[in-house]
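There are 2 protein chains.
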Amino acid sequence: MNKKILMTPGPTMVPEEVLEINGRQPMHHRTQEFYELFSGLNLNLKKIFKTKMEVMTLTASGTGAMEASVANLFSKGDKVLFATIGHFGERFYDIAKIYGLDAELLDFGWGNAVDLNVLEDKLKDGDYKALFITQNETSTGVTNDIKAAAETAGKYSIPVIVDAVSSLGGIPLEMDKWGVDVVITCSQKCFMSPPGLSFISLSERAWGMAEKSTLPKYYFDLKKARKGVMKEKPDTPYTPAVSTIMAAKRATDMLLSLGLDNVYKRQEDFGKKVRDYIKDIGLQLFPEECIASNLISAIKVPEDISASDIINYILEKHNILITGGQGRLKGKIIRIGHMGYVTEEMLEKTLNALKEAVLKLKK
Amino acid sequence: MNKKILMTPGPTMVPEEVLEINGRQPMHHRTQEFYELFSGLNLNLKKIFKTKMEVMTLTASGTGAMEASVANLFSKGDKVLFATIGHFGERFYDIAKIYGLDAELLDFGWGNAVDLNVLEDKLKDGDYKALFITQNETSTGVTNDIKAAAETAGKYSIPVIVDAVSSLGGIPLEMDKWGVDVVITCSQKCFMSPPGLSFISLSERAWGMAEKSTLPKYYFDLKKARKGVMKEKPDTPYTPAVSTIMAAKRATDMLLSLGLDNVYKRQEDFGKKVRDYIKDIGLQLFPEECIASNLISAIKVPEDISASDIINYILEKHNILITGGQGRLKGKIIRIGHMGYVTEEMLEKTLNALKEAVLKLKK
Chain A
1 MNKKILMTPG PTMVPEEVLE INGRQPMHHR TQEFYELFSG LNLNLKKIFK TKMEVMTLTA
61 SGTGAMEASV ANLFSKGDKV LFATIGHFGE RFYDIAKIYG LDAELLDFGW GNAVDLNVLE
121 DKLKDGDYKA LFITQNETST GVTNDIKAAA ETAGKYSIPV IVDAVSSLGG IPLEMDKWGV
181 DVVITCSQKC FMSPPGLSFI SLSERAWGMA EKSTLPKYYF DLKKARKGVM KEKPDTPYTP
241 AVSTIMAAKR ATDMLLSLGL DNVYKRQEDF GKKVRDYIKD IGLQLFPEEC IASNLISAIK
301 VPEDISASDI INYILEKHNI LITGGQGRLK GKIIRIGHMG YVTEEMLEKT LNALKEAVLK
361 LKK
Chain B
1 MNKKILMTPG PTMVPEEVLE INGRQPMHHR TQEFYELFSG LNLNLKKIFK TKMEVMTLTA
61 SGTGAMEASV ANLFSKGDKV LFATIGHFGE RFYDIAKIYG LDAELLDFGW GNAVDLNVLE
121 DKLKDGDYKA LFITQNETST GVTNDIKAAA ETAGKYSIPV IVDAVSSLGG IPLEMDKWGV
181 DVVITCSQKC FMSPPGLSFI SLSERAWGMA EKSTLPKYYF DLKKARKGVM KEKPDTPYTP
241 AVSTIMAAKR ATDMLLSLGL DNVYKRQEDF GKKVRDYIKD IGLQLFPEEC IASNLISAIK
301 VPEDISASDI INYILEKHNI LITGGQGRLK GKIIRIGHMG YVTEEMLEKT LNALKEAVLK
361 LKK
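Line order of the protein sequences matches chains A and B.
For the record, in the first sequence the residue sitting at position 78 is 78 according to UniProt numbering, with numbers rising by one throughout.
For the record, in the second sequence the residue sitting at position 126 is 126 according to UniProt numbering, with numbers rising by one throughout.
A hint or two may mislead.
One copy or two, either will do: identical chains are not told apart, so a pair holds if it fits within one copy or between any two.
Stated by the list, open to error - Straight-line C-alpha distance at most 25 Å; calculated DSS-like pairs for lysine-lysine: (1) K224 to K330; (2) K52 to K155; (3) K76 to K223; (4) K79 to K122; (5) K233 to K332; (6) K279 to K46; (7) K76 to K224.
Just so you know, these hints were derived from the structure itself, not from any lab.
Could you put the whole structure together from the sequences, leaning on the hints where they help?
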């Protein structure tokens, strides 16, 4: 088997049995078989989101669901805070600015995690309508402590909106228990499915905010999507990506039958394994180890080697795709994704390939 | 082979070879193989749209691209005209209202086509910034004459936005030659692909309008999407539905190798065949024959039979899915889709099943 292995921030590898379903004739979305499928998916989603609330499925990538959270909960001029630690946090902030929110950026710097004391100082004085925060920042390989952040925001009754695009189903996130108001994720990361779907859930408090929002939305109107989900024969307001829904149902079945706690544990092991390995071969992690992601590892590029040479070497010699840095980190880091459908064997192959690349390319 | 046959307004049947590709491991969207795939798809799309302009691919269903046309070209209060003949025309109007456009509805009634004289009277006095019109209204089985409508609007220099969601690639539409400013379509109708993608192209004039638009958009920002398409290594601003793009590339290859003129001719034959057949068995077409769609046939339900009984009979006895009426036509019509990947055999089976159902169910 010399198929390309994706060790990227997503799309990630899709298991053969999920691919097989994706290759079936799509169902019609106004049929009994679809209602049953979608009911099943919705139930799986609630279990993964750890919520009693409805989870809405949007035919759009994660960015679409991020936009949906802005357009559905807020109005022009609403004051909100973005605690950012990298590219995707900044994207979320950009969306809010475009919708005319009074958005404030609390930038902790690329490579850092959110500092809870700094955050608390801001929150207590700010009168914000919401806090936006990224759980796992794939651009820097850093994970924020969402439980603690939600607790902090909770002290001041500030709703919390979490971009869990690359993290949900890979590391713990308990929407209801932690008091998170909006959770956003997508199909092509820890969900082991092809790209094309995003998932979003709102707390009762968030639905209350949605009642007051005056921003325009149609395709991303979450009230309409919720209505579809709540039907006895649940459906979506517009034709969804049926094939991807079929695939995501199967993939979430797999995730749940593995057991979320086992998945979290495996991701912890993978994260530690990568960090130990790169130390052994003389490489350095980009962020501090205590905030490093168990889903994606960002590694500093040694001074005498170029990032693209490492990436190309691993791709050409081993048919494994890892990625480089985005934006200001371009050329400075390489990133190995190890979320979703990654086996021990894939991970070992990747690490061995990295070691080989570094040895060969060193001047 | 007793697989379910979809004779619906979409999702329509997907050919086996397209399904096979949809079942492959998704590519990563920032790789050479994706750039080549996407270049190829973009070239195919230009040929099908019959335009020299870029065609943008959105990960969203057709409604998303409809919203994109509104959010990208207009500003609050812009006066626009919607010539509607059914459900999907009204949906387009609803989108414009939500974005605060000064949208006027020129409703020709469900079952009718746009009357060009009435349209011209409106256009000449109205000072509209655009005319919105549906090419093929699947809710009623009626096709509008877009060439003539564009000519009429052209006399008054009014830009024309065409919802060709269910028609492009099935009946003629020449974007550049006819002077159409925006064309919108999707993957799951005449494009013979799974649902999840929509496609949109803008004329130079429409891009000029986009420069002035002040409505908020992020995920559906067409300027960003265009920038991606125009790159030497073309891509999309956000992770697209890669598997569906892989499938759509193959499906559009098939469409173009069949030859669009041959496809149009086959659709004409199919339309006529259905209309002749239903007359023979004593049923009546819902619209006048001269405006009837060659892509989907809406048939009046005989007074002594229920629509759902016919639909269920055909589904249960023959495993063929046809659909009923939407909204105000619920229970009054049945609809047979014959667009996209439909063979002579499928069509004949469906017509025979319909005849059988009507005979059996007659009281």
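Identical-chain pair category, K279 with K46, by Cα at 25 Å:
Neither way: K279 and K46 sit 39 Å apart in one copy and 51 Å across, limit 25 Å.
Within, between, both or neither, where K233 and K332 count as close if Cα-Cα is 25 Å or less
between (51 Å within a copy, 22 Å between copies)
Between K76 and K224, at a C-alpha cutoff of 25 Å, which is it: within one copy, between copies, both, or neither?
Both. Shortest intra-copy (21 Å) and inter-copy (23 Å) distances satisfy the 25 Å Cα cut-off.
Is it within, between, both, or neither for K76 and K223, if the alpha carbons may be no more than 25 Å apart?
Both, since 19 Å and 23 Å are each at most 25 Å.
Could you place K224 and K330 in one of the four classes (within, between, both, neither) given a Cα distance threshold of 25 Å?
between (40 Å within a copy, 21 Å between copies)
Homo-oligomer pair classification [K122, K79; C-alpha up to 25 Å]:
Within one copy, since 13 Å is at most 25 Å while 44 Å is not.
Using 25 Å as the alpha carbon limit, work out where K52 and K155 are close: within a copy, between copies, both or neither.
Classified as within: same-chain Cα gap 23 Å, cross-chain 57 Å, threshold 25 Å.
Going through the hint list in order, the structure does not satisfy hint 6, though it satisfies all others.
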